[in-house]
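**Student:** Chains Z and A supply the protein sequences, listed in that same order. FYI, the numbering for the first sequence is 0 to 406, going by numbering that gives the first Met the number 0. FYI, the numbering for the second sequence is 0 to 406, going by numbering that gives the first Met the number 0.
Fair warning: there could be bad hints in the mix.
Which copy is meant is left open, because identical chains are indistinguishable; a pair holds if it fits in one copy or across any two.
Unchecked claim - Heads up, simulated SDA-like pairs for lysine to any residue below, C-alpha to C-alpha not over 20 Å straight-line:
{"hint": "1", "residue 1": "Lys248", "residue 2": "Lys352"}
{"hint": "2", "residue 1": "Lys2", "residue 2": "Cys256"}
{"hint": "3", "residue 1": "Lys26", "residue 2": "Glu403"}
{"hint": "4", "residue 1": "Lys202", "residue 2": "Asn249"}
{"hint": "5", "residue 1": "Lys366", "residue 2": "Glu403"}
{"hint": "6", "residue 1": "Lys352", "residue 2": "Glu170"}
{"hint": "7", "residue 1": "Lys243", "residue 2": "Gly382"}
{"hint": "8", "residue 1": "Lys26", "residue 2": "Leu126"}
{"hint": "9", "residue 1": "Lys374", "residue 2": "Ile261"}
{"hint": "10", "residue 1": "Lys118", "residue 2": "Ser360"}
{"hint": "11", "residue 1": "Lys56", "residue 2": "Met355"}
{"hint": "12", "residue 1": "Lys347", "residue 2": "Gly382"}
{"hint": "13", "residue 1": "Lys118", "residue 2": "Asp315"}
Derived by calculation from the structure, the hints in this document are not laboratory data. Computed from a prediction, not measured in an experiment: that's the story for all the values here.
There are 2 protein chains.
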Amino acid sequence: MVKRIEGGVTAAKGFQAAGIYAGIKRKRKDMALVFTEAPAKGVGTFTTNVVKASPVKWDMKLTAESETIQAVILNSGVANACTGVEGEVNNRRMAEAVAKELSIPLMSVYTASTGVIGKQLPMDAILTGVPKLVEELDHSLNAGTLAAEAIMTTDTYSKECAVRFMIDGVEVTVGGMAKGSGMIHPNMATMLGVVTTDLAISKELLQEALSENVKHTFNMISVDQDTSTNDSLLLLANGMAGNKEIREKNEEYKIFCQALNIVTTDLAKKMAADGEGASKLLEVQVLGANTEEEAKCLSKSIITSNLVKTAVFGNDANWGRILCAMGYSGVSFDPDQVDLYIESNVGKLQLVKNGMATNYSEELATKILSASEVKAIADIKCGKASATAWGCDLTYDYVKINAEYRS
Amino acid sequence: MVKRIEGGVTAAKGFQAAGIYAGIKRKRKDMALVFTEAPAKGVGTFTTNVVKASPVKWDMKLTAESETIQAVILNSGVANACTGVEGEVNNRRMAEAVAKELSIPLMSVYTASTGVIGKQLPMDAILTGVPKLVEELDHSLNAGTLAAEAIMTTDTYSKECAVRFMIDGVEVTVGGMAKGSGMIHPNMATMLGVVTTDLAISKELLQEALSENVKHTFNMISVDQDTSTNDSLLLLANGMAGNKEIREKNEEYKIFCQALNIVTTDLAKKMAADGEGASKLLEVQVLGANTEEEAKCLSKSIITSNLVKTAVFGNDANWGRILCAMGYSGVSFDPDQVDLYIESNVGKLQLVKNGMATNYSEELATKILSASEVKAIADIKCGKASATAWGCDLTYDYVKINAEYRS
Numbered sequence: 000m001v002k003r004i005e006g007g008v009t010a011a012k013g014f015q016a017a018g019i020y021a022g023i024k025r026k027r028k029d030m031a032l033v034f035t036e037a038p039a040k041g042v043g044t045f046t047t048n049v050v051k052a053s054p055v056k057w058d059m060k061l062t063a064e065s066e067t068i069q070a071v072i073l074n075s076g077v078a079n080a081c082t083g084v085e086g087e088v089n090n091r092r093m094a095e096a097v098a099k100e101l102s103i104p105l106m107s108v109y110t111a112s113t114g115v116i117g118k119q120l121p122m123d124a125i126l127t128g129v130p131k132l133v134e135e136l137d138h139s140l141n142a143g144t145l146a147a148e149a150i151m152t153t154d155t156y157s158k159e160c161a162v163r164f165m166i167d168g169v170e171v172t173v174g175g176m177a178k179g180s181g182m183i184h185p186n187m188a189t190m191l192g193v194v195t196t197d198l199a200i201s202k203e204l205l206q207e208a209l210s211e212n213v214k215h216t217f218n219m220i221s222v223d224q225d226t227s228t229n230d231s232l233l234l235l236a237n238g239m240a241g242n243k244e245i246r247e248k249n250e251e252y253k254i255f256c257q258a259l260n261i262v263t264t265d266l267a268k269k270m271a272a273d274g275e276g277a278s279k280l281l282e283v284q285v286l287g288a289n290t291e292e293e294a295k296c297l298s299k300s301i302i303t304s305n306l307v308k309t310a311v312f313g314n315d316a317n318w319g320r321i322l323c324a325m326g327y328s329g330v331s332f333d334p335d336q337v338d339l340y341i342e343s344n345v346g347k348l349q350l351v352k353n354g355m356a357t358n359y360s361e362e363l364a365t366k367i368l369s370a371s372e373v374k375a376i377a378d379i380k381c382g383k384a385s386a387t388a389w390g391c392d393l394t395y396d397y398v399k400i401n402a403e404y405r406s
Numbered sequence: 000m001v002k003r004i005e006g007g008v009t010a011a012k013g014f015q016a017a018g019i020y021a022g023i024k025r026k027r028k029d030m031a032l033v034f035t036e037a038p039a040k041g042v043g044t045f046t047t048n049v050v051k052a053s054p055v056k057w058d059m060k061l062t063a064e065s066e067t068i069q070a071v072i073l074n075s076g077v078a079n080a081c082t083g084v085e086g087e088v089n090n091r092r093m094a095e096a097v098a099k100e101l102s103i104p105l106m107s108v109y110t111a112s113t114g115v116i117g118k119q120l121p122m123d124a125i126l127t128g129v130p131k132l133v134e135e136l137d138h139s140l141n142a143g144t145l146a147a148e149a150i151m152t153t154d155t156y157s158k159e160c161a162v163r164f165m166i167d168g169v170e171v172t173v174g175g176m177a178k179g180s181g182m183i184h185p186n187m188a189t190m191l192g193v194v195t196t197d198l199a200i201s202k203e204l205l206q207e208a209l210s211e212n213v214k215h216t217f218n219m220i221s222v223d224q225d226t227s228t229n230d231s232l233l234l235l236a237n238g239m240a241g242n243k244e245i246r247e248k249n250e251e252y253k254i255f256c257q258a259l260n261i262v263t264t265d266l267a268k269k270m271a272a273d274g275e276g277a278s279k280l281l282e283v284q285v286l287g288a289n290t291e292e293e294a295k296c297l298s299k300s301i302i303t304s305n306l307v308k309t310a311v312f313g314n315d316a317n318w319g320r321i322l323c324a325m326g327y328s329g330v331s332f333d334p335d336q337v338d339l340y341i342e343s344n345v346g347k348l349q350l351v352k353n354g355m356a357t358n359y360s361e362e363l364a365t366k367i368l369s370a371s372e373v374k375a376i377a378d379i380k381c382g383k384a385s386a387t388a389w390g391c392d393l394t395y396d397y398v399k400i401n402a403e404y405r406s
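Construct the complete structure from the given sequences, taking the supplied hints into account.
**Tutor:** Structure (structure tokens):
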């Protein structure tokens, strides 16, 4: 019903994008623009960090007050966080430049920044960059990719995903881009992400779909337990697909939520797999919990344990660390009931039965853990709720990248 | 009033100790025994992890049921956690062997284990080790050091501390040993620690003194946010100093609490500084909080941030990461009011004033952070409460040690 297609933010009808080098970073692309020809409903989820970057505060205001959104201006290199009044003025000037060049209202321009905290935006570069971006705007899938590349910081590859489905006899597309890497422990939000769709839908339902969605996708990944000051996930729906506007939680709404889930889960997993220094993706599934909340809490406790992450890096089936991380999660369970498995493309292996080691082969365990995508499954046999979390291993490169980030 | 002296668990009157190689680990000492000639009041604080090792369960039972304690048997190499009924039987057999050799009641023998989770104790080595330990028991300070060495795992040095003070015209001594290194994020307890004193005091007050103490000492350190399955801090008071037994919170009780605080703070800081792979001790002080609880929460959030820890390793005054960690701590404060300083033996430097960077010298900041003991001070200017937490940097060696721990 929902099928994956090529592309990202320009996959849906009426969306254009651009990504350029404006001189904020030393060499790589550093500014991106997303534009929708028809004004779109715009919603977002944002960081829960008390310290919020200027663009986050701006976008929260627009989400509450603006009927429609027409553009998103993004930059990498400087986060515009902890920059005081000057930072807010600079953020507004960036949005004003876009509004002027595109002849659209100031209050229809979302902003997003990522990079070093505490530095002011280099306004010369920004203001020279905006007209260039507008000139480069394009419908092509390649333009979407250029935008996805321009928001990268320590990411090693750009992250895009798109899907297509039919409702009311019309084709609807959902596409998105995101950047992650470090300071990744989203809470009610993520690092920078922009998802676009040509679906017609009410703003209320659009926000509800997104808020519900992130609980199972971006909020279930962690690279280093650090919730950033700039986490923003923006979703624009411009209605150009031509479907009858969705105003209730009908069958069409459910299909859209499925489609959105495919896009955001894909972007979230790519973000986890490309965590700073990561050599592999770690997926943790907890089964048999009493409530979904408890299953989430257990799976996130495992995925964030430095000791689990280093063991996974070392291809070491040190399962005691998994049980230990479950034990301090705050969730109550009977350790003597726990079953534990590991799985990858090499095969599946039960390490623990009823809280104690099975007579498993360490050699096979190491082989399974040597794959580039590794899964751990813990069954606590209490109830029927389950949850999945995604993370990555902790490597020498994480330390290297973060000990030297600013130099 | 309270003065520091040489020694550890054998510093107080009537305490003997021994540490030997029994064959549990490949080469290094792996069993220790602490013995008090006069039966002592015994109290403890233990891990809050749902997964509790057999010795933890045993010691909790003894603390509740036994009038007096006379010995503590400890081993390193195997944690005896996640070992089921066999693990509990083995733990009891270890205690029985000590009780028999010393002709003391079984229920007066505390046990403690540290090492790999999920492996059974090698009982041949343990049962051969116990008589040897009893034979080696000695009053000397050196015997205390041998015991402190025998409980080490990935620790790079043994941890001891002792102090002496006068009450009722008699000399009272408090001395202790501890081991830490990895899986260090104590919660109402710590890794293995034994503190001895010849003070005469009621069991109730002894427990209260210890429980209050750990909130400010061992519970304020973190190496990797992993709360172990084996955390135990044991405190024995044998009354041999000859003071009138303390039965109320009088002046003498306060002096004892001060002395205990010096010993446990010293051991806790040594544990943080010797965290797995650590190259330096990081102390974080939060001032101006509304409540002590909030100050603790903020300081622990900073001390546990992987991004702060790697920046400290890289001698990089990346203060945005400190503000970020404060921001997601769950404590509400005004980011635009925060002042931030770093300090070491090189000097003190203000990095942030009212939430924004001062015009500080990056060169001087790097010099300050290059010291082996580094302090960060954050003033949030809300109220009058403060707290201090201790941790260490995150280095290549942490990853190395934990990716290869079992091999």
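**Student:** Which earlier hints turn out false for this structure, listed by number in ascending order?
**Tutor:** Numbers 1, 6, 7 and 12 - these are the hints that the structure violates, sorted from lowest upward.
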